[in-house]
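J.: Read top to bottom, the protein sequences are chains A and B. The opening position of the first sequence corresponds to residue 1 in my numbering, with each subsequent residue numbered one higher. The opening position of the second sequence corresponds to residue 1 in my numbering, with each subsequent residue numbered one higher.
Rather than coming from a laboratory, the hints here were simulated on the basis of the structure. Where is the CB? At the ideal position from N, CA and C, for every residue including glycine. Among the clues, some could well be false.
[Said to hold, decoys possible] 20 Å max Cα-Cα, derived SDA-like pairs, lysine to any residue:
no., chain 1, residue 1, chain 2, residue 2
1, B, 411, A, 173
2, B, 433, A, 68
3, B, 411, A, 82
4, B, 347, B, 369
[As the list claims (entries may be wrong)] One-sided excerpt, in silico: chain A residues whose CB lies under 7 Å from chain B:
no., residue
5, 58
6, 147
7, 148
8, 149
9, 170
10, 171
11, 201
12, 203
13, 237
14, 238
15, 258
16, 261
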Amino acid sequence: MAPRIRRSGGPSGRRSGSGRRALTAYLFLAPFLALFLIFVVTPAVWGVWISLHSWNPLLPIHRWLGLQNYIDLFTPGSVTSGDFWQSMGATAIFTVASVPFLVVVPLLIAVLLNQKIRGGSIFRGIFFAPYVLGVAVIGVAWRYLLDPQNGVLNNLLGLIGLPNGTPWTVDVPWAWISLVGITVWWVSGFNMVILLAGLKGINAELYEAASIDGAGAIRKFWSVTLPGLRPVMAFVTTTTILSSANMFGQSYLLTKGAPGTSTRTAIMYIANEGLSQNQMGAASAMSYVLFAILATISIINFRLQGRSE
Amino acid sequence: MKKGFARRTLAAAVAIGVGVSLAACSGSGGSSGGGGAVQSGDYKGPKVTVTFWNGWTGGSQQTILAGLVKQFNASHKNIAVNPVGMQWADISAKMPLAIKAGKGPDLTVAHGDDIATYAAQGLLLKADAAAKDLGYSAADFPSGLYEHGAYQGSQYGIPWSVTPLGLYANKDVLKKAGLSTTIPATEAEYTKALDTLKSKGVQGEWVDGYVFTGTFEFESLLWQYGGDLFNKDVSKATFNSEAGQKALQWMVDHVSKGYSPAKVAQDGDINALIAGKTAFNWNGIWQTSNTALLKDEWTAAPVPQIGTQKAVWSSSTDWAFVNNKGQDKNKTQAAAAFVKWMNEHSKVWAGGGELPADNSVRNDASLVKSYPNLKPFLEEMDYAHFETTSPGIPNAEATITVALNNALLGKQSVKAALDQQAAKADQLLQQNKQQYGG
């Protein structure tokens, strides 16, 4: 009743009432908005400006180049195009190879842990534990474990009579297998926790109804669990694609981008170009191209997953 | 990876933010490039603290440095030197922007191939007077070293230490293969030793396709065959010359002839030597202070002569005075006094696995008596080649390792790998010239 009464109080009262509420809302949003403007919008706009120059932050003069940094990226044989697109290719390989595992493995673990099993919370802790570690820790640790000649893994394989010369960190495709495997081990726990929360949110009555209709465990998974998880899945796949496309630390520490530059990801190349070689202009241009591609993929992804809702 | 994403975003934001602040001050601070200079003479001013960044984080180096600094501080009442140790890579990453923001150290140690870049970026003060005060000229150092600390006619780096490559050998492995523990010095002797080891089932010298130390080995061989990394004015890469191809072919042949496994990981070579899996390793003088190696029966020798002349790769470290925004002249002057005192007391530095750069200290008979392990490295100083100095050169140098890696893993032929990366290096050299001027 209250809103109706207020609404009947005349046009001026309505405006001031909703105005005050809007003001309160904006005040609550202001701290985040300020941070967002300072740390996201300003650098983003400034980055466009930088990308139009030959921008070495340590030199006093930044030469105006117009769109040359972007044109270079699309001109075969220029100083940046070959390396950039190779690194984009490496990023694509890693993303395509890792995302399915990073979604399916946590989903299966989450479904298992959602059963009422003994020690469920202990397992949850165990699966989540690697995520707590920093990339430097996991990178260095796995480099020792996977060293082709002196590593633990190849030694163990040798002991049980399997081939013990696999170049896990040195040559492709093994390096990709290592990078994907480590990443799955490392971050699956995070996706698992989110999916588990999603599973808890599915109405138990739906499962009961499905049981009464004679559905088995598999049928219930496809007909109740997956549809119930759709919004959560859309979130998990999108964030996983984005984070896989931004992979940096694992390659940087485990393979150094080798063999040659095969496992050098886009972020690794951009970081090197911008922060080590001080070519901020070219690096910013690359970031925007990467951003445009990732934004497109994210939009398509949300459209696809949200379509049948 | 979400954390990675957040960190990356933060890093980018910080980097760009710094870019913003730099752009803001570039109007006023822009002319600082090479403007200031260190004065000669001792420091007699008020008490100051001199902050000094260095990459000497290894156990013995840290201890020796701490001892020297303590001694210096005790004998200089108006100077307190505060050494800050961090990884070399962290210094390269942090120092330039810190200096531009006025938060850098007063004194730093830099590798030879960084001096020109820093000088061109206006990060350093001219040190001609300080060098003169020390009585230094090119003749006081191994040939070619002093010039490497100069940029556009001014001296910016004062040489402190040199760190050549040498041939390390595990004597237990040699003895087990029935070889004498006299280390091979020529190609014939070296190949014979590798063949004998091979017949006993030992892959005698593992080669890796990474900077440490495959790249250093390749560069040594390139010079031995009479080649060079870049042309004289550093405008063109020449490591794909015939000499370069011979050098790289020799390393690639190690794999095909069975002297080395095919896909050695970074540091796999030295780890294999320590573990007694291989007999030889081309590695830097810094390994003489590697405590893991000391458990083995090891020895070192000058690198064997494989090509037509003797040559070996060496790096160097130099003192450099920092041109912070608003740098305190007193602190710089105090730093100069510290550098002078350190170079006069540099003999003990040999204990940290580096050779003092100053000829008179290094060649003093007492040095080799105190540090007999360093004898082979001392012998190499007559024919050591130092890193190329040219602003921005690290990006072009990095292409060499890519070529090496591709060829050693059999991804490309030796010639194709070198040619492709030399073309890449040419583009980068041209970019450097455009940015930093000829």
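J.: Does each hint fit the structure? Answer for all of them.
T.: We went through each hint and held it up to the structure:
1. B:411 with A:173: Holds: residue 411 of chain B and residue 173 of chain A sit about 13 Å apart, inside 20 Å.
2. B:433 with A:68: Given pair residue 433 of chain B, residue 68 of chain A holds - Cα atoms ~18 Å apart, limit 20 Å.
3. B:411 with A:82: holds (17 Å)
4. B:347 with B:369: holds (11 Å)
5. 58: holds (4 Å)
6. 147: holds (5 Å)
7. 148: With a minimum Cβ separation of about 5 Å from chain B (threshold 7 Å), the hint on residue 148 of chain A holds.
8. 149: Constraint on residue 149 of chain A satisfied, holds at 5 Å.
9. 170: holds (4 Å)
10. 171: holds (5 Å)
11. 201: Since chain B brings no Cβ nearer than about 21 Å to residue 201 of chain A, farther than 7 Å, the hint is violated.
12. 203: violated (29 Å)
13. 237: violated (14 Å)
14. 238: Hint violated; residue 238 of chain A Cβ to chain B Cβ min 12 Å, cut 7 Å.
15. 258: OK, holds: residue 258 of chain A within 7 Å of chain B, min 5 Å.
16. 261: holds (6 Å)
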